[in-house]
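Trainee: These are the residues of each chain, in order.
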Amino acid sequence: MDLTLSTEMQAFRDEVCAFLAAELPPELAEKGRRHQSLDKRDYEFWHAKLNDRGWLAPNWPKRFGGAEWDAVQRTIFEDECAMAHAPRVVPFGLSMLGPVLHKFGSEAQQNHWLPRILDGSDWWCQGYSEPGAGSDLAALKTAAARDGEHYVVNGQKTWTTLGQHANMIFCLVRTDPAAKKQEGISFLLIDMDTPGVEVRPITLIDGGAEVNEVWFTDVRVPVENLVGQENAGWTYAKYLLTHERTNIAGVGFSRAGLAAVKRIATRARQRGRPLIENPHFAARVAQVEMDLMAMATTNLRIVSRAAAGQAPGVESSLLKIKGTQIRQEITDLARRAAGPHALPFASEAVEGSNEPLPDPLEAGAVAASYFNNRKLSIFGGSNEIQREIYAKHLMKGAS
Amino acid sequence: MNFDLTEERQMLQDTLRRFLAEAQGDVWSGLAELGVIAALFSEEQGGFGGAGFDLALVFEELGRADLSLPLIDAVLVPGRLLAGLGEDVSGLMDGTERLALAHTEANGRYDLEWVETRADGDRLSGEKSAVIAASTADRLIVSARHSGAPDDTAGIGLWLVDPDAPGLTRRSYALAQGGEAADISLSDTPGTRLTEEGFDALADTMAAGLLAQTAETLGAMETALTMTQDYLGTRKQFGRPIGSFQALSHRMVDLMVAQEQARSAVILAAAHLDHPAEERDRVLSAAKNILGRTGQLVAEETIQLHGGIGMTDEYALSRFAKRIVMADHRFGDTDHHMERFIALGL
Ligand SMILES: Cc1cc2nc3c(=O)[nH]c(=O)nc-3n(C[C@H](O)[C@H](O)[C@H](O)COP(=O)(O)OP(=O)(O)OC[C@H]3O[C@@H](n4cnc5c(N)ncnc54)[C@H](O)[C@@H]3O)c2cc1C
Chain A
364 MDLTLSTEMQ AFRDEVCAFL AAELPPELAE KGRRHQSLDK RDYEFWHAKL NDRGWLAPNW
424 PKRFGGAEWD AVQRTIFEDE CAMAHAPRVV PFGLSMLGPV LHKFGSEAQQ NHWLPRILDG
484 SDWWCQGYSE PGAGSDLAAL KTAAARDGEH YVVNGQKTWT TLGQHANMIF CLVRTDPAAK
544 KQEGISFLLI DMDTPGVEVR PITLIDGGAE VNEVWFTDVR VPVENLVGQE NAGWTYAKYL
604 LTHERTNIAG VGFSRAGLAA VKRIATRARQ RGRPLIENPH FAARVAQVEM DLMAMATTNL
664 RIVSRAAAGQ APGVESSLLK IKGTQIRQEI TDLARRAAGP HALPFASEAV EGSNEPLPDP
724 LEAGAVAASY FNNRKLSIFG GSNEIQREIY AKHLMKGAS
Chain B
410 MNFDLTEERQ MLQDTLRRFL AEAQGDVWSG LAELGVIAAL FSEEQGGFGG AGFDLALVFE
470 ELGRADLSLP LIDAVLVPGR LLAGLGEDVS GLMDGTERLA LAHTEANGRY DLEWVETRAD
530 GDRLSGEKSA VIAASTADRL IVSARHSGAP DDTAGIGLWL VDPDAPGLTR RSYALAQGGE
590 AADISLSDTP GTRLTEEGFD ALADTMAAGL LAQTAETLGA METALTMTQD YLGTRKQFGR
650 PIGSFQALSH RMVDLMVAQE QARSAVILAA AHLDHPAEER DRVLSAAKNI LGRTGQLVAE
710 ETIQLHGGIG MTDEYALSRF AKRIVMADHR FGDTDHHMER FIALGL
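Same order as they appear, the protein sequences are chains A and B.
Just so you know, we're using this note's numbering here: the first sequence kicks off at 364 and counts up by one.
Just so you know, we're using this note's numbering here: the second sequence kicks off at 410 and counts up by one.
Please note that a few of the clues may not be correct.
As the list claims (entries may be wrong) - Listed below are the simulated DSBU-like cross-link pairs for lysine-lysine, each with C-alpha atoms no more than 30 Å apart in a straight line:
hint: 1; chain 1: A; residue 1: K403; chain 2: A; residue 2: K544
hint: 2; chain 1: A; residue 1: K625; chain 2: A; residue 2: K685
hint: 3; chain 1: A; residue 1: K466; chain 2: A; residue 2: K755
hint: 4; chain 1: A; residue 1: K466; chain 2: A; residue 2: K504
hint: 5; chain 1: A; residue 1: K601; chain 2: A; residue 2: K544
hint: 6; chain 1: A; residue 1: K755; chain 2: A; residue 2: K601
hint: 7; chain 1: A; residue 1: K544; chain 2: A; residue 2: K394
hint: 8; chain 1: A; residue 1: K504; chain 2: B; residue 2: K645
hint: 9; chain 1: A; residue 1: K544; chain 2: A; residue 2: K504
hint: 10; chain 1: A; residue 1: K601; chain 2: B; residue 2: K645
hint: 11; chain 1: A; residue 1: K601; chain 2: A; residue 2: K403
hint: 12; chain 1: B; residue 1: K645; chain 2: A; residue 2: K543
hint: 13; chain 1: B; residue 1: K645; chain 2: A; residue 2: K544
hint: 14; chain 1: B; residue 1: K645; chain 2: A; residue 2: K755
hint: 15; chain 1: A; residue 1: K759; chain 2: A; residue 2: K543
hint: 16; chain 1: A; residue 1: K685; chain 2: B; residue 2: K645
hint: 17; chain 1: B; residue 1: K645; chain 2: A; residue 2: K759
hint: 18; chain 1: A; residue 1: K425; chain 2: A; residue 2: K466
hint: 19; chain 1: A; residue 1: K685; chain 2: A; residue 2: K755
hint: 20; chain 1: A; residue 1: K394; chain 2: A; residue 2: K625
hint: 21; chain 1: A; residue 1: K466; chain 2: A; residue 2: K544
Unchecked claim - Short derived list, chain A residues pointing at chain B, Cβ under 7 Å:
hint: 22; residue: G702
hint: 23; residue: P703
hint: 24; residue: E747
No lab work stands behind these hints: they were computed from the structure.
Even for Gly, the Cβ is constructed at its ideal location relative to N, Cα and C.
Kindly generate the complete structure, drawing on both the sequences and the hints.
Mentor: Right, here's the structure in full:
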């Protein structure tokens, strides 16, 4: 066993750090550090920077314009970006739709849609969940009925992340109402400018507007926007979910978050001394740091097993559970560290809140971030569903 | 031993619960009319209650309701402080007046004695932070130090200050739990002195505030749990109510265990409010620590058991969860009270 990174990988890490130092504007990193929401153009700016460098699509094959990195390289890249507070790469086109089109898309679809993801012509969002179909995704009802050279789509998607910025949505729709649940589902690409598509924002617990409802009323979608075979969408959907689960451990986010906790606790005063010197608080920080050390290694052990361009298997459920627990503990610590200074609440929903809040610890919106990050254990397959997946795998003999 | 409410308190609880369930418009004067505010003060102070159990019952009910009223900060804390110093609080009791206590400071964290604001005679200079209910206050009570180091309990006086007094500025902002607070800056601002040595009065008042805060949090936990129990019974996934999944129903039971712990902690605290300070503070610290821990568990788990809907601003659960969690940032957090409990002797 040898836990050191190869010289090649060390050089790669240095290259990533140099890139971030040169290309990531400090104002943009500061927004991330303070848990401020990013504008559409912040994301677009960062996508363009990465694309210029050829690093926008780490998991794509080279023939489609990707970097074709292996899982270890991707992990290094993602961790360094997170620690630098770079904007997140919007995953819907790059990590989700991209791999599906590589594997199941027609040549015409690949030629048309893939370059547009890279150059920013299209902003994709994910239309899977519905009000009645969350964990039980196959219960989805949004219907697409064939009418000549079109499908006519009716129904509602919800929780659509950043749908307000998107011009395209990939949807799971029901094309055969008579078939059994998982059968009869198709994978459809829908232009959101088509008449009958309506996006309504949902305000979340932190006052932010990152998710939406998307309504479809007699929306006409050309049949060439069907991916793969009609009624075979469930297979593609599952394939996509395994890719959604890469970087699920979020090690870089945890490292950045832990550094922030230490910074806040060094500035915060308790009886004139830095809070970080309080043994009780220090013990809380230390415990999470130890857990993170071990989890980062678990992450590398698991991802290094996955071959280039592939996603890890059922173990990704373990990474999701532990990774999100640690991230949530860290946002909890940041809120605690700020103490009474966590009370002022910045919210996009509060009118006239343009004036910056008092923030003597320069902690940023720690309470809002704590509440917002409750989502980590709910989306992308809730932690209960991850346990179900892994339990099925473990308990094969028991059923 | 008897764990039942007295007949009067039972009546007050029933009336208040009914009133809050239908409350609309001017809730504040409605509460005053019902005698809810008077229930927070003793007979000598012009009220008809003021005991720990009166506070616990009123604030538990307020906590259960989907409202964010700064009754602790605009009435209970400043009112009991003033009344304790022999001042007239009839304006508070009939609902026509509101006050605020400007005490906490940026470097003070949760330590009551930490005061850097200076008093030069009756002129005050310094910065107070996160003063809840400041923008609606007709008068402010301001603590300032005329002598000693920032962490001395001696040397802290209290003054009544007009919010429009020269040299005073207020900067308001929203709070995660609803309502607002302000940072207040004083520069040679005149005040009317209430007392030269105010620490003990502050400590007694904050004890009442802490009790009220734990009771309010308990009430919010009750509603969050009822909503979750209902949701587990009605939300269907995989063709059945999600409450039929043992992975969820057992966690719901753990939350009920937490709720009972929280309730007992509040009852204990209420029973000890008028005990000698050391005895009282040990039990109050236990309550605040327990409410901090059980509250966080309940807030996080009720959101989780709801799934995405629990994360939305529109659904009331998110407001209860925010109130429960942010209560830990007031009157000393879980860790502060762990340390105080230890300091008072294991
Ligand atoms: C911030 C945010 C962003 C999102 N972004 C997107 C997006 O861009 N696109 C998209 O399609 N979706 C998105 N989602 C939706 C997300 O995938 C769903 O919220 C998730 O699948 C859970 O579904 P639900 O919210 O309906 O909860 P439910 O499925 O109703 O679950 C409620 C509770 O029951 C538990 N549960 C359900 N079934 C079982 C079981 N069999 N055993 C044990 N426990 C169970 C769940 O874990 C949860 O605790 C997002 C959600 C959030 C919160």
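Trainee: Hints first: check each against the structure and report whether it holds.
Mentor: Okay, the hints, checked on the actual structure:
Restraint check for K403/A and K544/A: the C-alpha separation of about 37 Å exceeds 30 Å, so the hint is violated. For the hint linking K625/A to K685/A, the alpha-carbon distance of about 21 Å falls within 30 Å, and the restraint holds. Distance check on the hinted pair: K466/A and K755/A sit about 27 Å apart at the alpha-carbon level, within 30 Å; holds. Taking the CA atoms of K466/A and K504/A, the gap is about 26 Å. The hint holds against a cut of 30 Å.
Only pairs whose Cα atoms come within 30 Å are accepted, and K601/A paired with K544/A is accepted, the gap being roughly 14 Å. Taking the CA atoms of K755/A and K601/A, the gap is about 16 Å. The hint holds against a cut of 30 Å. Among the hinted pairs, K544/A with K394/A is inconsistent with the structure: their alpha-carbon atoms are about 43 Å apart, more than 30 Å. Of the supplied pair hints, the one linking K504/A and K645/B holds, its CA atoms being roughly 14 Å apart against a limit of 30 Å.
For the hint linking K544/A to K504/A, the alpha-carbon distance of about 10 Å falls within 30 Å, and the restraint holds. Under the criterion of a C-alpha separation no larger than 30 Å, the hint pairing K601/A with K645/B is consistent with the structure, at around 22 Å. At most 30 Å may separate the alpha-carbon atoms for a hinted pair to count; K601/A and K403/A meet this at roughly 29 Å. A C-alpha spacing of about 18 Å is found between K645/B and K543/A, which places the hinted pair at or below 30 Å, so the restraint holds.
Our distance criterion of 30 Å between C-alpha atoms is met by K645/B and K544/A, whose separation comes to about 15 Å. Under the criterion of a C-alpha separation no larger than 30 Å, the hint pairing K645/B with K755/A is consistent with the structure, at around 21 Å. A distance of roughly 24 Å separates the Cα atoms of K759/A and K543/A; the hinted pair therefore holds under the 30 Å criterion. Distance hint between K685/A and K645/B is fulfilled; the C-alpha atoms sit about 27 Å from each other, no more than 30 Å.
Taken as a hint, the K645/B and K759/A pair is honoured in the structure, with Cα atoms around 26 Å apart against an allowance of 30 Å. Restraint check for K425/A and K466/A: the C-alpha separation of about 14 Å stays at or below 30 Å, so the hint holds. The hinted pair formed by K685/A and K755/A meets the criterion: a straight-line CA distance of about 18 Å does not exceed 30 Å. A hinted pair counts as satisfied when its Cα atoms are at most 30 Å apart, and K394/A with K625/A qualifies at roughly 19 Å.
Our distance criterion of 30 Å between C-alpha atoms is met by K466/A and K544/A, whose separation comes to about 24 Å. Taking 7 Å as the C-beta contact cut-off toward chain B, the hint placing G702/A at the interface holds, the least distance being around 5 Å. Among the interface hints, the one on P703/A holds; its C-beta lies about 5 Å from the nearest C-beta in chain B, closer than the 7 Å criterion. Annotation: E747/A was flagged as interfacial toward chain B, and the flag holds, the nearest CB pair being 6 Å apart, inside 7 Å.
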